[in-house]
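Work the whole structure out from these sequences, hints included.
Heads up: the protein sequence lines correspond to chains G and F, in order. For the first sequence, our numbering assigns the number 1 to the initial residue and increments by one for each residue that follows. For the second sequence, our numbering assigns the number 1 to the initial residue and increments by one for each residue that follows.
What the hints contain is simulated information worked out from the structure, not anything from laboratory work. One should not assume that every hint holds.
Any copy, or any two copies together, can satisfy a pair, since identical chains are not distinguished.
To be verified - Listed next, the in silico EDC-like pairs over lysine to aspartate or glutamate satisfying Cα-Cα at most 16 Å (straight line):
#  : residue 1 : residue 2
1  : K219      : D159
2  : K71       : D44
3  : K71       : E220
4  : K160      : D250
5  : K219      : D200
6  : K171      : E133
7  : K103      : E60
8  : K103      : D159
9  : K171      : E221
10 : K103      : E156
11 : K160      : E133
12 : K103      : D83
13 : K171      : E226
14 : K160      : D256
15 : K71       : E156
Protein chains: 2
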Amino acid sequence: MILVNDRFVERTEATVDIEDRGYQFGDGVYEVIRVYGGAPFLLDEHMARLARSLREIRLEPPYGIDELTDKIRRLITLNALGDGIVYLQITRGASPRTHGFPKNAHSVLTAYTQTLDRPLQALQEGIRAHLTEDIRWLRCDIKSLNLLGSVLAKQEALDKGCAEAILHRGKTVTEGSASNVFALIGGVWFTHPANHLILDGITRRSVLRIMQELDMPAKEEAVTVEQLLAAEELIVTSTTQEVMPVVAVDGRPIGDGSVGPWTRRLQEAFEAAIRETANRSS
Amino acid sequence: MILVNDRFVERTEATVDIEDRGYQFGDGVYEVIRVYGGAPFLLDEHMARLARSLREIRLEPPYGIDELTDKIRRLITLNALGDGIVYLQITRGASPRTHGFPKNAHSVLTAYTQTLDRPLQALQEGIRAHLTEDIRWLRCDIKSLNLLGSVLAKQEALDKGCAEAILHRGKTVTEGSASNVFALIGGVWFTHPANHLILDGITRRSVLRIMQELDMPAKEEAVTVEQLLAAEELIVTSTTQEVMPVVAVDGRPIGDGSVGPWTRRLQEAFEAAIRETANRSS
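Here it is as structure tokens:
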């Protein structure tokens, strides 16, 4: 089943109007929530971020976040989802096309689930990444549907046999095309501060908390491309990529080119959090 | 009737899949073509720009541009459109959501017409504009569906009682939220060069040609906000706004606050081009 506004409908019934502002302007925001063993992971944090994104683009959701949270749980149950994701987006609705906000449009919410295995092999072996210039807009803190810059960066990486693109504005590393970046440099994890140039990832925050628990020094401070390439260890984090080791960037090995010990400790702690969520639900 | 790929269908039949990449990523491009007296205005230029936008994001249209041009003409006839616009967009189609290009998706084209009167009163009296920082991505030369930056800028202008937002990156004026900007400074029309920071408007090019014909000096050279505010005359140009005088910016009058003589000469020449198009069709 698909959630469309407040109704659960069949997939075939879930269609969008051609004048939906999500389709014509990317005028909307979204979230991707990980589900482990039937339990949504860090759901409240995703919902709080969604509420913030909505506020930042002055978009009134069809109903409140608490009701939406209940419906997301119901959607997971209805679809008997085990391991997978919930994708949800809210747009400013259908209205004759004009840039300014429509007066009489109603926002449109769609949400659906998808089964998804964890990327276990990649988590074990690490991935290769590709550096490319960050050409996105200056409000990357909003999780909006304007993702063409990320799409083009990711495809460029894939074309080069890499699984992720790491973006930089000039010399400064910002984040991945669909992830945040942490570089271990001189025994300190560096990640770009959560300002308008990056999305403050839910997994990013979770990993920062884990670092604190593990007494691993961490700084929310940007690094240069040069510093990144000289890092001892490198990871990207996201809802679906979890704590993903990066073992090479544009063909240059990070550290000795294998997954480092600090990354392994982070992965173990992150695994424990996942297990706890899955166990809670069963 | 609505054109969906190669079929003309009723409006009610024209819907979009919730996993269309246009809806989830803004992964697509578009054009708005003006129609005067049933005749499309500068259609070939719009189609050439569409072809370029498609190439730049590596999007294969469902069929060739020549066939599309024929179908656009047919759509205008089918809908007996007099004065109005054709809106058309092409997305990378529906596919399970992942940032990289889908392997098996088919691009989706939708096009429809809309009646639209010319903004005669505004063309006569001029409009007020509002300055705001340009926060958009660095490929504004692509006419993509990632328009949230433009939407927010336009709404900010509307909230301040202005009809258009004029964008600037730092001190440099780029373009309007849905238009190009020309400032008459010391008897020379200045407009931002057609690089990655602006959309090379079809009306912009048309106006540059008219300036040449009228022996009005013009330079494709950026101006600062300060220079813009001191301009003798100021216009914004677009498919629907035509040659639109700007008589005040953030409450400060441009020149003496009325529409200047050079703007009137441009408007007359542009009117003649419109009349020629409309007459050709009748």
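Results of checking the hints against the structure:
1. K219 <-> D159: Answer is neither; intra-copy 32 Å and inter-copy 40 Å both fail.
2. K71 <-> D44: within (13 Å within a copy, 49 Å between copies)
3. K71 <-> E220: neither (35 Å within a copy, 54 Å between copies)
4. K160 <-> D250: This pair counts as within: shortest intra-copy Cα distance 8 Å, inter-copy 48 Å.
5. K219 <-> D200: Classified as within: same-chain Cα gap 14 Å, cross-chain 42 Å, threshold 16 Å.
6. K171 <-> E133: Intra 9 Å, inter 23 Å, cutoff 16 Å: intra-copy only.
7. K103 <-> E60: So K103 and E60 pass the 16 Å test inside one copy only (12 Å; across, 35 Å).
8. K103 <-> D159: Close across copies (13 Å), not inside one copy (43 Å); limit 16 Å.
9. K171 <-> E221: Within. Shortest intra-copy distance 14 Å satisfies the 16 Å Cα cut-off; inter-copy 27 Å does not.
10. K103 <-> E156: between (40 Å within a copy, 15 Å between copies)
11. K160 <-> E133: within (15 Å within a copy, 35 Å between copies)
12. K103 <-> D83: neither (40 Å within a copy, 24 Å between copies)
13. K171 <-> E226: within (8 Å within a copy, 30 Å between copies)
14. K160 <-> D256: Cα proximity of K160 and D256: none, with 21 Å in one copy and 57 Å across.
15. K71 <-> E156: neither (37 Å within a copy, 33 Å between copies)
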